[in-house]
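Undergrad: Based on the sequences and whatever the hints tell you, model everything.
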Amino acid sequence: MNLTLLMYLIPSIIMFGCGVYGFLTRKNMIAIMISLELMLNSVDINFVVFNRFLFPGQFEGMFFTLFAIAIAAAETALALAIIINVFRAIKNVDINQINKLKF
Amino acid sequence: MPFNYTIAVIAIPLFMFLFLGLAGVKMSRKLTGVLGVLGMLVTTVLAYGVALTYFFGTGQGQVVDGVRQAITVWNPDWLSFTKTLVVRMGIMLDPIAAMMLVVITTVSFMVHLYSLGYMSDHHGNAEKGFQRYYAFLALFTFSMLGLVVATNLFQIFIFFEMVGVSSYLLIGFYYTSPAANHASKKAFIVTRLADFFFLVGIMILSYYSGSFDFDTLVFGSNHANSLEVAQSIIGNPGVATFMGCSAMTWALTFIFIGGAGKSAMYPLHIWLPDAMEGPTPVSALIHAATMVVAGVFLVARLFPLYVVCQAAMDVILVVGAFTAFYAAAIACVQSDIKRALAFSTISQIAFMMTSLAVSSADGALIEIHEGYGLGYMASMFHLFTHAMFKALLFLCAGAIIHAVHSNENSDMHGLHKYMPITSIAFLIGCLAIAGIPPFAGFWSKDEILVACYNKGLGWGIWMTMVAGLTAFYMFRIYFLIFFWNKHEVHTEHEPKDQPWTMTLPLIILAVISIVAGFVPAHNMVTWDGGHLHTQLDWTVAGTSVLVALVGIGLAFKMYYKENPLPERMASSCRGLWTAAYKRFYMDELYQFITHKVIFQGICKPIAWFDRAIIDGFMNMLAVGTQHAAYGVRRLQSGSIQGYVVVYFLGALLLAVITLICVLVF
Amino acid sequence: MESVGNIIMYFIIAIAIIAFSVLTVTTRKILRSATYLLFVLFATAALYFQMDYHFLGAVQIAVYAGGIVVLFVFAILLTHKPGADTQAITSHRKWLGVAVAMIGALVCGYALFSYGGFCGKQLIGDDGLSIDRLGQMLLSTDKFGYLLPFEAVSVLLLACIIGGVVIARRR
Amino acid sequence: MEIFSNILIYFVIVPLVTLLGLAVCNNRGMAAIRTVATVGATVLVALAAYLVYIFLHERGMGNQAEMILQTSVMWYAPFNIKLALGVDGVSVVMILLSAFIVFAGVFASWKMNPLPKQFFMWFFLLSTGVFGFFISIDLFTMFMFYEVALIPMYLLIGVWGSGNKNYSAMKLTLMLMGGSAFLMLGIIGIYFHSTPEGIPHTMNILDIVRYDAIPHNWQMWLFPLTFVGFGVLGAMFPFHTWSPDGHASAPTAVSMLHAGVLMKLGGYGCFRVAIYLMPFAAAQLGWIFLTLTGISIVYGAFSACVQTDLKYINAYSSVSHCGMVLFAILMFNQTAMTGAVLQMLSHGLMTALFFALIGMIYGRTHTRDIREMGGMMHIMPYLGVGYVLAGLASLGLPGLSGFVAEMTIFIGSYENADVFRRTLTIIGASSIVITAVYILRVVAKLLFGAVQNEHHRELTDASWDERLSTATLILAVAAIGCFPNFFVNIISDSFVPVVNALKAFFPVVM
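Chains as they are written, first to last, in my numbering: chain A, 1 to 103; chain B, 1 to 665; chain C, 1 to 171; chain D, 1 to 510.
Misleading hints may appear alongside valid ones.
Within a straight-line C-alpha distance of at most 27 Å, the following computed BS3-like cross-link-like pairs (lysine-lysine) qualify [said to hold, decoys possible]:
1. A/Lys91 to C/Lys81
2. C/Lys94 to A/Lys27
3. C/Lys143 to A/Lys91
4. B/Lys83 to D/Lys503
5. C/Lys81 to A/Lys27
The hints are simulated quantities; they were obtained by calculation from the structure and are not laboratory data.
TA: Have a look at this one:
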């Protein structure tokens, strides 16, 4: 039995699917952020896997993931800051309550 | 130019109008009245000067070869439509213009004077708007004078409108009264409708002749040429025809309709009886003597054109003859004195119209023969005499109304004892209109009848019968007012003869009504300016006098003393009597057409259409846009999760498209 | 042939990723959700280690597991009462989520299988990236040098710090 | 700067300076605001009178140029857009009219409240647009000033209006903007076909006419676009429905300026741009628009007969009268077109008068429903007489302006020998009767009869500013009515080039 590229991608796809599911179904904004992290992570895995299996000796995918992690960290920090601010304002982090900017 | 001062005849009333209209409010009533009368007196004197010089003066170019010329005194351009089609505002003197100057200024002066007394109080209260009244009288006088001295058709149209407005303002003088309000509106709109036809007539005529000027249209180089000129205007009659009639016929018929509106010919007469809501002197001036004959004047002015257009003449003849009888029949049963007089006026004007129409006794009439143009002369003569005696009758009626404060003859009766001067003046007026020699009406009416007999025996008999009817209804009114039975005093004041300002005009007009018949009209107001040889046709005259006497006798029998005969006759043919009393339901017919057909049937649906369909369509566009925008707005839900769903569906769609592409290509 | 240890390792990691992913999005306790996320991230790091990207694995653990998850935990503790359940997910919403997730997975899967000439590729040799080479690549401006994105990310992070402070600052 | 030596540019500069002057006024300093506005309006009237003098002088000296006082300054070179100024007789009288109405409008809004300063500022911006439009002979500047005139209308109605003002302001602005969208398409189309191959495109009207390069098939598209574009502003059926609502809600002075001047932009544009530049299509398609305008005349008049709101009556009457303007323009002969301009003058003045009077009456009674009023003549004789005069002018009493204009139109229209045009002329002429009906109906209900509401007995007659405003307009109306040839002589020759352009495609009657 060999560990093929496909085998690495399958957990990634499932993780992504979970992320999508969580993103769509959760009401809690922090939970949505967590789902988002899942999806991001699954994409990271893809980059790395393709880099490693198809273009060994080159490191574009790896570096991309590296930067993506950095940016994900930044993004999460920012998003959580916003969520906390929102929580201060309306004492809630339910996404359905935050519709003042609608229309 | 010798007639230069004619301009003053026109200008003084205009000035009086502006002066009294603008400064009147600051002046006392007495001052206003005196100024108005003085202004009118000066105008009258000048107008007499002009007319006398024109008719009897010599050496000023007004008579060439025994033919009176039209003299254009003043004719500046007023409005240039094109290089050739120019409206001018001028003064032209010819026999009928000069005659009309006399008629208008005389009656107008009498009315001005009379109004000093009449308008000073209204049913016992001080009259409001005395200044306004004099201003409007001056405006009317100005407009009417401008009309008769017009040098071109368009000027006549302009002053037609002006007299219409003055008439509107004066009928509606008691503007707080709904009846007056309604009547003034009606008068204006009906005459406006007629003026619309007049305008169309002018458009047609001016297009084909290229001019408005009477110089070109009817006088040509001299009067003798006018027939040829008239025919040349038609051009080639074969070319411009519409529904079988030449453009000329249409134009002249339309112009006649314009005149018919002002002259209250059937079926455009309905405004005149209602116009009696105005002050009585106004009725005397405008709705009896001057403005209502404007239509007759118009047809007379264009007479040389009508002569060559037999179809138009026939229309006038039929309308005139019918109206004469129709109005006379209604006048027999009216109980309101002013309305009865109004119908009498309509009937008499119809006499003048008929008389003009019978003038073209034989078709083409290129050859001039003895008696031709008699109707024209008779018509103008009758216009003159009628103005005098009808003004007299109206002013008498005014005096009576002033005394008893009512228009209904049931409130009068037996006034002879109380108001002898008025009674005699009224009697003179009645004799004049009935055509009893030697009063004025006899001479003019007789010549009309001669002209009618010349046209055809039937027309003559018809008109003679109407003349008899005239005598009957006038004396009916006379007897009902002054005799019938003893007067019941309703008010605290006994009715009596009015102050001198009101009585003097009565006396003057009565005198004129007696002597006016001796004016040598056949030498003065002929259609071609020449002399017309006439003599009294004793058969015709005898018959008409006889018929008139029968009418008077009948009236005497029925109305001199209170008796049940009139009531019996009325009830014996109740339907006819009611129909006549209701003026044969013409008003109801108009009411139906205007309110039910035009207002309810045209205006309301159009207004609805505008609001509902056109505006509705615009609003629908707006509402549609708004709804579409609201619909699109739903997409911008603010729910990130919703966006993601759509995003994934989009991804799926792309995948499917890709798949299809792969499969197909 | 892979070594058996490698295969066993792979399965452990794969199962951990799948299981904890599912748990992350299905648990109703938000703090547990964050904890499961932590496990997913660890498992991912393990995957990177297995593919010889040691530095990347270390970064994954340091930044993600050490940084982001801690942020999450703080945020959760700031906004939630301890032990509170989140709202139950309504049924139709759940099925919608499942459907869309499936659609996403299917599209990806279809793409993989239809174009995946490369699916059967295996790991070739040791592609270990030494730290000094990585450092040089990160700070070089040559071909395959990543100085520009590196600087960009630093600026971004700076902006992010300022932004975070500004947003979260109590007014 | 060469352009500042041309008197025409001051018609734009003076309102702008007035606007700036108003801007520095204190919002509560009513006296200062009034002074500045009055001075501005007076200077405009003086300028306009001087312009008439210059025009007559030039023509008297034998200057037969189509446009006098021409100046052209390059404005945006890449598109060859110039600030081209010039006037002919029509522009001159339109400028005179505008100046008069601005003057009367200032006095009609003498007691404007609230925000008088802002009101007058927008008012003068509107005037800037109007004057700018009339002095331009470059399509671009024309269009630009046209828009400048339209936009303030929205605020003037929306802020200072009455009744359902938001709806009306929105409707008016949107419909007119819709029209100007057509217009812009048309102008762009004309621009790209303005010159033959190899010559840079131009926006200058005189140049476009000289090149005569717009292909016939393009004319068939561009003519309807421009005509409808201007026709919307000229209240052509079926694009007139902004007018009743807009006028009903607008404040007095705005109604005056709008009906008095802005609607004239439509008629002016129709002949200056649509017909003059595209004579072929005008001759081909004229009958469609002629039918529409013919409908406008009768339709507006009939609609006015059953309205009960004074402003609605007047708005529908405007539809009828403005329809007559376009109607006459489409008759393609000098007389009718002269009549059209006279009608613009006449309608401008008398509608302004009407709206001024209605505003004054409304300001006292707080109702415009004629069923609730009566006997006003007794209570406010000055306003009553003014209203009667305006009414008589409207229904065409000789001696006032309406008669002259309508007669010139009808006589001119009848000069066309074809049955279609003549029938329409007669139908159009019948409006003089319908006009009489609705005018007299209003006069009878509003002014005559018994006083309906006892409270009205305590109302006062016009104050001095109102008297001045109305007297100015009445005098102007009477001046046109009494001395029409003065105006006809100024206007008439301006149509020779248009008629010459049409001659090739239409049996024009000279």
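Undergrad: With reference to the structure, classify each hint as holding or not holding.
TA: Status of each hint after checking the structure:
no.: 1; hint: A/Lys91 to C/Lys81; result: holds, 12 Å
no.: 2; hint: C/Lys94 to A/Lys27; result: holds, 11 Å
no.: 3; hint: C/Lys143 to A/Lys91; result: violated, 51 Å
no.: 4; hint: B/Lys83 to D/Lys503; result: holds, 18 Å
no.: 5; hint: C/Lys81 to A/Lys27; result: holds, 16 Å
The structure shown violates just one earlier hint, number 3.
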